[in-house]
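K.L.:
Listed here are the chains, written in short residue letters.
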Amino acid sequence: MNLDSFRSMQWVDYLMYALTDPGALYRLLQRKKESAQLAVSFLVPVTVLFLDIIASSLLRTETDFFYTKLTYGWLLSIFITLFTVTAAASLMDGFAQILGYRGNMKEMVVLVNFSQMPKALLLPGMLIFRTLHFAAPFFYVFLSFLFVIWSAFIAVKGIAEMHDCGPGRALLIYLFPFLFAGITAFFVLVVSALYLARYLS
Amino acid sequence: MDRNRKILVAILAVVAFSAVLAVIDISLTMQERVRGGPSLELPRTGPGVGIVRIEGPIDFSESASPFGIMSGAESVIRKLDALYRNPDIRAIVVRINSPGGTVGATQEIYQKIAALRKKNVIIVASMGEIAASGGYYVASACSKIVANQGTLTGSIGVIIMSPNLRQLFEKLGITMTVIKSGKYKDILSTFREMTSEERELIQELIDSSYRKFVSDVALGRNMNKDEIMPYADGRIMTGEKALECKLTDMVGTFEDAVNEARKMAKLPDDSAVYDEVKSPFQQFLFSMEGMFRGGNMMERSFKLDSYSILQYRYQP
Numbered sequence: 188m189n190l191d192s193f194r195s196m197q198w199v200d201y202l203m204y205a206l207t208d209p210g211a212l213y214r215l216l217q218r219k220k221e222s223a224q225l226a227v228s229f230l231v232p233v234t235v236l237f238l239d240i241i242a243s244s245l246l247r248t249e250t251d252f253f254y255t256k257l258t259y260g261w262l263l264s265i266f267i268t269l270f271t272v273t274a275a276a277s278l279m280d281g282f283a284q285i286l287g288y289r290g291n292m293k294e295m296v297v298l299v300n301f302s303q304m305p306k307a308l309l310l311p312g313m314l315i316f317r318t319l320h321f322a323a324p325f326f327y328v329f330l331s332f333l334f335v336i337w338s339a340f341i342a343v344k345g346i347a348e349m350h351d352c353g354p355g356r357a358l359l360i361y362l363f364p365f366l367f368a369g370i371t372a373f374f375v376l377v378v379s380a381l382y383l384a385r386y387l388s
Numbered sequence: 393m394d395r396n397r398k399i400l401v402a403i404l405a406v407v408a409f410s411a412v413l414a415v416i417d418i419s420l421t422m423q424e425r426v427r428g429g430p431s432l433e434l435p436r437t438g439p440g441v442g443i444v445r446i447e448g449p450i451d452f453s454e455s456a457s458p459f460g461i462m463s464g465a466e467s468v469i470r471k472l473d474a475l476y477r478n479p480d481i482r483a484i485v486v487r488i489n490s491p492g493g494t495v496g497a498t499q500e501i502y503q504k505i506a507a508l509r510k511k512n513v514i515i516v517a518s519m520g521e522i523a524a525s526g527g528y529y530v531a532s533a534c535s536k537i538v539a540n541q542g543t544l545t546g547s548i549g550v551i552i553m554s555p556n557l558r559q560l561f562e563k564l565g566i567t568m569t570v571i572k573s574g575k576y577k578d579i580l581s582t583f584r585e586m587t588s589e590e591r592e593l594i595q596e597l598i599d600s601s602y603r604k605f606v607s608d609v610a611l612g613r614n615m616n617k618d619e620i621m622p623y624a625d626g627r628i629m630t631g632e633k634a635l636e637c638k639l640t641d642m643v644g645t646f647e648d649a650v651n652e653a654r655k656m657a658k659l660p661d662d663s664a665v666y667d668e669v670k671s672p673f674q675q676f677l678f679s680m681e682g683m684f685r686g687g688n689m690m691e692r693s694f695k696l697d698s699y700s701i702l703q704y705r706y707q708p
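Top to bottom, those sequences are chains A and H. One gets the working numbering by counting positions in the first sequence from 1 and adding 187 to each. One gets the working numbering by counting positions in the second sequence from 1 and adding 392 to each.
Careful, some of the hints might be misleading.
Label pairs and their in silico Cβ distance ranges [to be verified]:
id, chain 1, residue 1, chain 2, residue 2, range
1, A, Val378, H, Gly565, 50 to 56 Å
2, A, Ala380, H, Gly565, 24 to 30 Å
3, A, Pro324, H, Ile416, 19 to 25 Å
4, A, Phe340, H, Ser419, 49 to 55 Å
5, H, Glu562, A, Gly369, 43 to 49 Å
Below, a sample of chain A positions facing chain H; criterion: calculated Cβ distance under 8 Å [said to hold, decoys possible]:
id, residue
6, Leu202
7, Ala226
8, Val227
9, Leu230
10, Val233
11, Leu236
12, Ser244
13, Leu246
14, Ala275
15, Ala307
16, Leu308
17, Ile336
If you only want the chain A side, here are some residues facing chain H, beta carbon under 10 Å, derived [to be verified]:
id, residue
18, Asp200
19, Gly210
20, Gln284
21, Ile285
22, Leu286
23, Met313
None of these hints come from the bench; they were simulated from the model. Note that the Cβ used here is the ideal one computed from N, Cα and C, for glycine as well.
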């Protein structure tokens, strides 16, 4: 994405389609295979992260310690976010291949990144309730939940378009990382419990 | 630029504007808090009261807290020395929150405080949640003892513990081969029963340390041993009860102890307090460290390859 394409405001289309028509977003990604597409797409989750940190800072009683930790925490949070998005997209892509679909890791990462877009709206929403002094913590949780669902909807629609499959299969692919993490955690817990029981006996 | 793009750019502008507003909001909240809070108070200088804190079990192991505050008997002694040498320090408050500790470490702190007291340094003990056994031993060296009503104190006595694991080892089929130069060389061994001769020997050690404890408390408190003996059976008591038994001088808080030290040193009421721990959060971390050190000490005392230690310690 060079300066000319930035000035042309075509980049707005990615974000607009992310919010309005995720299927069209995937078609746009396919049509415009720009080299910087992947790198630029990571700006979305990073921006969302910053906005979320600011939104959550509005809620709590700030302390010096909180701000000191936050300053260092920003860098760590960015790394964690980038790792989580990449790992989740890899697992989705891997599972799609297991189901017999064509693998496309790069497009999956870009799609997951752009699907985070609705979460950016959390801060303006929060600011309204904070200014009105009306149940800000409740609306922080409520809006977060709402935007997570919206974000999942975008990703599922995009995956359905990508693999030309039904929404059920797309949802299964989208949920696979969560299932994988849950199953892994469950088995780790079981093995730990068995190990502990053996050790105690 | 078509209409849809314009709408989205407007949404992005709203998001960016919200972020700016939110950052301003957070900054203003912070400024307001700082303005009202204690951190903008000018650092006070001049004559004042120095604080030394004894947190957790007393021993010689030295460790630094996340804020660089050292704990351990030797660092307490160094702090007392540093405060004594500082011309601005006119009185010292020893804040004790400890169930006691090893005999050697406790006696060293006691001796240091007693030596400073001989040099006419005003030292006031302030008891926190617990100042039992060795904690009380240290406090008794001070010119005055201030305890909270609910402080757990007393527990005058000595204890040594050694687990007997003989039956467990028999079950596991483990035997220990011991070659020793004298019959008492493996006294308090965890691998066998204690003999009656060994028990007598250990009891002598305990009695000797106990006599020292009682005589030092009597000396520090300026009392007769006979006045202390009725309460020197290891019993614990509240700060209020300790006052009745004359083991403390007044019931009060840490602030009361600081004010008492100011009064004794003829310092004004608003004179400076020199304390390493400057915030409640720091105090919280310092207390947590005391707890962890307590845990480590227990762990050490139950390790098979460690030796049992004589302790002036409240050990429920």
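K.L.:
Could you work out which earlier hints the structure fails to respect and list their numbers in ascending sequence?
P.N.:
As far as the earlier hints go, 1, 4, 7, 8, 9, 10, 11, 13, 14, 17, 19, 20, 21, 22 are violated by this structure, in ascending order.
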